[in-house]
Every structure is written in structure tokens, then in C-alpha cells.
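Trainee: Position 65, counted from 1, in the sequence shown is what the UniProt record's numbering calls 65; the numbers after and before it change by one each time, with no gaps.
It should be emphasised that the hints constitute simulated quantities derived from the structure, not laboratory data.
Check the hints yourself; a few may be wrong.
Said to hold, decoys possible - For each label pair, taking beta carbons as the anchor points, the in silico distance ranges come out as:
#1 Asp253 <-> Leu96: 19 to 29 Å
#2 Ser97 <-> Arg281: 50 to 60 Å
#3 His177 <-> Asn347: 48 to 58 Å
#4 Ile317 <-> Lys343: 35 to 45 Å
#5 Ile320 <-> His177: 46 to 56 Å
#6 His58 <-> Ile307: 42 to 52 Å
#7 Arg403 <-> Ile117: 13 to 23 Å
#8 Asp253 <-> Ile81: 17 to 27 Å
#9 Leu85 <-> Ser116: 36 to 46 Å
No residue lacks a Cβ here, since even glycine has one placed at the ideal position from N, Cα and C.
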Amino acid sequence: MLGQVKDIRRIQMDTMIKQERKISPTLTLLALAVSAFAIGSTEFISVGVMPLIMQTFHVSLATAGLTVSVYAAGVMIGAPIFTSLTSRVPRKVLLLSIMITFIIGNLITAVAPIFSILLVGRVVAAFAHGLFMSVATVIAASVVDPMRRASAIATMFTGLTVATVTGVPLGTFIGQHASWRISFIVIALIGLVGLISNIILVPKELPMPAKIKRGSLMRMIKAPVVLLSLIVTAVGYGSSFPVYSYMTTIISDQGWSDSASVIILIIYGLAVAIGNTIGGRVANEKPLKVLMMMFGSMIPMMLLMLIGLQAQIFGLILIIVMGLLAFMNVPGLQLFTMQAAEKYTPNDVQMASAFNIAAFNLGIMVGSYVGGIVADGVSLYLTPVAGAIMATVALGLTWLLNRLHTD
1 MLGQVKDIRR
11 IQMDTMIKQE
21 RKISPTLTLL
31 ALAVSAFAIG
41 STEFISVGVM
51 PLIMQTFHVS
61 LATAGLTVSV
71 YAAGVMIGAP
81 IFTSLTSRVP
91 RKVLLLSIMI
101 TFIIGNLITA
111 VAPIFSILLV
121 GRVVAAFAHG
131 LFMSVATVIA
141 ASVVDPMRRA
151 SAIATMFTGL
161 TVATVTGVPL
171 GTFIGQHASW
181 RISFIVIALI
191 GLVGLISNII
201 LVPKELPMPA
211 KIKRGSLMRM
221 IKAPVVLLSL
231 IVTAVGYGSS
241 FPVYSYMTTI
251 ISDQGWSDSA
261 SVIILIIYGL
271 AVAIGNTIGG
281 RVANEKPLKV
291 LMMMFGSMIP
301 MMLLMLIGLQ
311 AQIFGLILII
321 VMGLLAFMNV
331 PGLQLFTMQA
341 AEKYTPNDVQ
351 MASAFNIAAF
361 NLGIMVGSYV
371 GGIVADGVSL
381 YLTPVAGAIM
391 ATVALGLTWL
401 LNRLHTD
């Protein structure tokens, strides 16, 4: 009798979950996309308001660049560690906790009385960012039919793309006409909208991921193709950040007004969105060969920047082309890392995804940090040299990766 009661309760629970999912899968994805928009906006907003932060705290360009590199370091560290530590926490509870942490981090940044406190706020928000990317992807895939999972994940990621196109320029505009602190408060408010949306629109009962086994990192290190794919992600994706991290300063030096710089950031964001879409379409079958072409194209573009970046019109064209190429490699890098994990370390696919998120942000951290050293120590207009070197290394490693994977 007791067993029958349990069976009835289980059937009732399954029915409730199915009904809940039938009602709101699109709205669930929208809630996740809103959260992704907030997170995508805060990741690169400091690029747009960096000159204002320099003025407020009286710090150098390289020091202000830490707002980018420290954030990237937080995501890099937080993604794999917190994914592992929270693997048994119910997904919705974890998602809501992530968004609360994200809001707190941005509020700390907004009210920071000194630069070091601002960096603390950036790290708190970054920890939330890294974990969100892992958790939200799984949730997006779980609320739709199996045949629609890829589309569901893509819908969730549109929040990040829209943030690049509109969120960062809007934050820059607010910073220029009100205060950079207001920009972070607005992002926190968007995060609050995301939190409320998640409370209402994300199902209460969500499937738990497979238990993460110990030793994931060591198994990936022992698999040369997986390890090398993570290194390529870091070096290749990071190759644009010696220049991109200081793009607002470059645009200002080129002679563009504040209002024009916002429009340029929007155009750059559109180029990023187009490049990301193209990259997703061309990398499906042979991602490594496509990646070699992308990195090979990045090298001469960076070298052209050495002679043309200071020119107002030609420099602007080069910046837009960089936007087109810079994020075109993302789908291929993500796809191949997952393929490599499925083939060489099949028990660690979830952690491989988390480590790849870490690798993306390691690239941001290294690229922006090296760019800051070059800008402060030599010249802002020599930062493309660092980008060209990173792209060359990525090209060579991708060629080696292709040989290892083929063999």
C-alpha cells in the first residue's frame, strides 16, 4: 500500500513537472536570456567606462585594465570550482543564488569608495558569471524536447549577444552622461529583473546533472587533445583583448566624440554578433580547419593596426573588422572542446565545458593584462603586436591539434 502511495505521488510530481514545462519553456528561456544579458553587460562594461574609472580613482590605464582581467580571472577560477562544489544543489535554488550573488557584486562595484573594493565587487560578480554559464546551459536544455536542445541553448545565449550589441554601449552612454556608478546600478537592476523572472518562470523541479567524478582535471591533463584544445581556447580567444580592452581610449584618441564612441561600440557589437553567427555556421563539420583560417586572418589584421589604428577612418574600419573576427572563433572552440571531451574523456564532458569557460576568461585576463603592460610601458598603439603574437601561437597550436586529433 505504501509503495502504491509513493508511486501515485511520483506520477503526480511527474505530471506537475510536465505541465509546468509545457506552459512556460519559451518564457523560461526568456528569463535565462534576461539574466545572460545582465551578465554579458557587466563582463565588458568596464571597457566602456575605463577612462571614467581612471579619473575617479586616479589610477593608470594598466591598473584600470584590472577591472577586465580580474573579472576574467574570477570567471576562470569560479567556473570549474563552483560547478564541482555545487553539483548536488537543486538547479533552481542554485540559479537564484547565482543571480543574488551577481546583484551583490555589481552593487559593491557601484558604491566602491576605493579601487580595491571595486575589484572585490568585480570578483564577486565574476564568480556568479562562471557558474551561471554552466548551470543555465543545462537548464535551457532540460525544459525543451531533446530535438530542440541546441536551439534552446542558442536562445539563452542571445542574451550575451544582445548585451554586446546594446548593453555595453548603453552602459557607456549612461557612464558618460551620468556616472559610471549608475551604469553598474542599472546592471544590478537588470539582474534583479532576471532574478524575479527566474523565480516566476523557471520550473521548480529540474533534473540534476550527472555526479561529477573526482580527478576530472587530471584526466583532461592526461588527454593531450583535450588539454591542448583548452590552451588554444585561451590563446586564440584572448588574441583580440590586448586591443579590445583599451578600445574606448583608442577611439577617443582617434578624435571621436563621446556620442560617436557609443555608436561605434554598437557597430562593433553588431560585427561581433555577425561574426559569431558566421562562426557557428562554418565550424559545424571541421572546426579545427576553420579555426586555423580564423587565426590566420587575425594576424595580418593586427599587423595592419600597427600602421592604421591612429587614423580616424581607417582605424575605425580595422576595429570593426576585429569585431567580426574576434568572436567568430567562439563556436568552433566550444564545439571542438566538447567533441574532444566526448572522445577522449567521456566521463568529464560537463567539467570540460566548465574548464573551457575558464579558458575563455584566461584568454581575456592574459590579453588585457599584456595589453595594459604594452600600453603603459611602450605605446597604446603597439598593443596589436601582443594580439598578433597570441594569434600566431594559436594558429600553430591549432595546426598541432589537428595533427594529433587526425592521427
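Trainee: Next step is simple, just say for each hint if it's right about the structure.
Mentor: How the hints compare with the structure:
1. For Asp253 and Leu96, the Cβ-Cβ distance of about 43 Å falls outside the hinted range of 19 to 29 Å, so the restraint is violated.
2. Evaluation of the 50 to 60 Å hint for Ser97 and Arg281 yields a failure: the beta carbon distance comes to about 36 Å.
3. Remark: the range hint 48 to 58 Å for His177 to Asn347 is upheld by a beta-carbon distance near 52 Å.
4. Taking the beta carbon of each, Ile317 and Lys343 are about 41 Å apart, inside 35 to 45 Å as hinted.
5. The supplied range of 46 to 56 Å is broken by Ile320 and His177, whose beta-carbon atoms lie about 24 Å from each other.
6. Hint check: His58 to Ile307, Cβ distance near 33 Å, so the stated range 42 to 52 Å is violated.
7. Arg403 and Ile117 have their C-beta atoms about 48 Å apart, which leaves the hinted 13 to 23 Å range violated.
8. Separated by about 39 Å at the C-beta atoms, Asp253 and Ile81 break the suggested range of 17 to 27 Å.
9. The hinted range of 36 to 46 Å is not satisfied by Leu85 and Ser116, whose Cβ atoms lie roughly 26 Å apart.
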